[in-house]
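These are the residues of each chain, in order.
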Amino acid sequence: MNSIKNMIETAGWPRIIIGLFLLSLFMVAPLVGVKVSTSIHDTIVRFGRNGVMVLAMVPMIRSGCGLNFGLPLGIIGGILGILISVEMELVGMSGFLTALGLGVVFAAFLGWGYGILLNMVKGDEMMIATYVGFSSVAFMCMAWLLMPFKSAAMVLSYGGSGLRTTISMDDFWTDLLSCSLLDMLPDAAASFFSQLDISFLYKILPDGLVAWAVSVVQFIFLEQAMGMILFFGFMCFLVWLFFRTKVGQAMNAVGQNPDFARASGISVDKMRVLSVVLSTVLGAVGIIVYAQSYGFVQLYLAPLYMAFPAVAAVLLGGAAVGRVAIVHVLVGTFLFQGILAMTPSVINSALKGLDISEVLRLIISNGMIIYALTRRTKEVR
Amino acid sequence: MGGHKLETFLLNSIIPIIFLGLSAGAIYLSGYSAAYVVQEVFTRLGRNLFLVLALIIPIMAGMGLNFGMVLGAMAGQIALIMVVDWAVIGLPGLLLASIMSVPLAIVFGILAGMVLNRAKGSEMVTSFILGFFAKGVYDLTVLFGMGSIIPVDNPELVLSRGFGIRNAVSLIDTRGALDQMIMLNIEMFGQPIQIPLGTYLVIALFGLLIVWFRRTKLGQDMRAVSQSMPVAQAAGINVDRTRLLAIVISTVLGAFGQLIYLQNMGTLSTYNSHDQAAMYAIAALLVGGASVTRATLVNAVVGVLLFHILFFSAPMAGKAMLGKAEIGEYFRVFIAYGVIAAALVLHAWRRRRSESIALKAAAQNLAARQAGESA
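Heads up: the sequence lines are chains A and B, in that order.
Just so we're on the same page, the numbering used here is the position in the first sequence counted from 1, plus 4.
Just so we're on the same page, the numbering used here is the position in the second sequence counted from 1, plus 4.
Everything labelled a hint here was simulated from the structure, so no lab data went into it.
Incorrect hints may have been included.
As the list claims (entries may be wrong) - Simulated pairs of lysine-lysine, DSSO-like, Cα-Cα distance not exceeding 30 Å: (1) K274/A - K126/A; (2) K274/A - K364/B; (3) K9/A - K124/B; (4) K9/B - K124/B; (5) K154/A - K328/B; (6) K126/A - K364/B; (7) K154/A - K126/A; (8) K124/B - K328/B; (9) K9/A - K126/A; (10) K126/A - K124/B; (11) K124/B - K274/A; (12) K328/B - K9/B; (13) K154/A - K323/B.
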């Protein structure tokens, strides 16, 4: 009994409830005529698309700066990179990498200023981050109207100046990262696998099981989103690696006990600024990955609320205001995006004509954030 | 000494002074006539001031800017939808909606207060997120619950599918119910100007109530709690209950404020009207020179005047200056967010500075005492 109780406590009630909810959605899906493979594909695509933006929460939580509600700042950096790359008419990998490079530079610069501001307001970071994000989005709305971009793909067709609300990436690098594991394998290995004879398996195992296993393996090797997932995995690995370096360890120390860190000669303020820069840069990378998968860049007020799903996802994964690991990012993104992918298809086919998914998103994501905010003070007491 | 006082005054009212300049510039650029500006100011003062008043009491209790005031706005809207459904119109309808919104707002306020009591020290961010959470629950109730579980039959209200409330609800029969109660018609700049005295009277009445409330036992308790929760607790004040009451009062006033706002607007945008209620009220209060820890009725009045002058003249000013009205629209959104960000930064920075000064003083004190002992 105690071990079950412990297990529940380590996993946390919100994760168990949301996890069971997601599981039940997957189980109900076939009954209401939704194909499970499509649902899983949607979930995986959304997982890869949003993952890096959730990862952008990690450095700031680690250094004790709290939840990064200022994510829109990084998103703005990334969007600037994309716009310049499109203006230069760069297509394919060169366009993507240029956007990435420029986005990282802009975001690093913005993050540096943002980090210095957050050092002035220690203890009140989250609310200020939210409003710094909001006001920078509103400021950029004016900038998007006035910036001297010329590319016909981006500028409003009437008037000839001012950027469009939605800019299509189709002619540039939509789905650039999309490729399956099979595509990535060297030709020799691919042909080896395709000629592999598995008929002996049918003799020793039940047919149904083998057929199921074959379809799972096929799914894994043919899933087009795997390229994006690998990119996300690579970013996670980089962040994981960073926190194993000396600087990363120092950042951890600052988050866990600033006074102790200061006593051991670590510059607390510098570490905090660095963590904010990292988070902002990851936000920029995040929106670029998002844009290549989604196929559009959305300007003006679109980035305003983008921080909230990312914050909610990392909390859902098991992070708290002062504690986070990469696994929280992975679990949280999967659960959160899984629910977003499943609810419209399942609930809408079950209850005809009810688009309840937007409402559920609001309740789940904000409920999760409130849970985390109220739990922290309990722990402190 | 006089010079010092002037300096403090200027330092404390730096934000209103900046906004005075911005508003004057926006009016000048927009090219609106004086009569139009005066009429707009009188209308908007009546429309928005009450919502701003709803923010004052949580600030008094040291809970900061109550972004959760939207819960009150939602209570007001739910009551209003029911009243429209029952076809009670005009001033009686508005009164009935106000009365019905009270129990709803009290329940919402108690829930919000309980959540905020678990998040001491981060009330603002929690109440802010609570507003979004409540929006989800409100949407669920109004979009799916009304007409199915909660009886609403009026076909003008209910979506064609049979349940859920339409996006826009016309309040044509209740429009201006309070404004028209005592409407003062005067002539200014050769144009007729209408002043909604009835609304002003209600606002003044509640303003006086707030002034009186400050002097009551509960008001004093709130101020003690805002100074220091442990000290207040030690003095026998029930801190949690006091904070809860502050939020309940704010939520009830928020419901009244939203009803006054809606009777002036004449339409209820079912799923959006409450969205910006708290944010614009907060921005206006801060523009009036209030801070996270101190807000007066004067701040509220000055803030609504300055913020809303800028608000309605910005689009035309943007058009005149840069040829695009959108610039002005985004500019006012930027101003609203920016002023909140600036006020929060200023507050945090001041608090940290005073903390470090106190720390230094304590250290000096200690050093002096040790020096005295060794001598």
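Results of checking the hints against the structure:
| no. | hint | in the structure |
| --- | --- | --- |
| 1 | K274/A - K126/A | holds (13 Å) |
| 2 | K274/A - K364/B | holds (23 Å) |
| 3 | K9/A - K124/B | holds (29 Å) |
| 4 | K9/B - K124/B | violated (35 Å) |
| 5 | K154/A - K328/B | holds (18 Å) |
| 6 | K126/A - K364/B | holds (18 Å) |
| 7 | K154/A - K126/A | violated (42 Å) |
| 8 | K124/B - K328/B | violated (45 Å) |
| 9 | K9/A - K126/A | violated (37 Å) |
| 10 | K126/A - K124/B | holds (16 Å) |
| 11 | K124/B - K274/A | holds (28 Å) |
| 12 | K328/B - K9/B | violated (43 Å) |
| 13 | K154/A - K323/B | holds (22 Å) |
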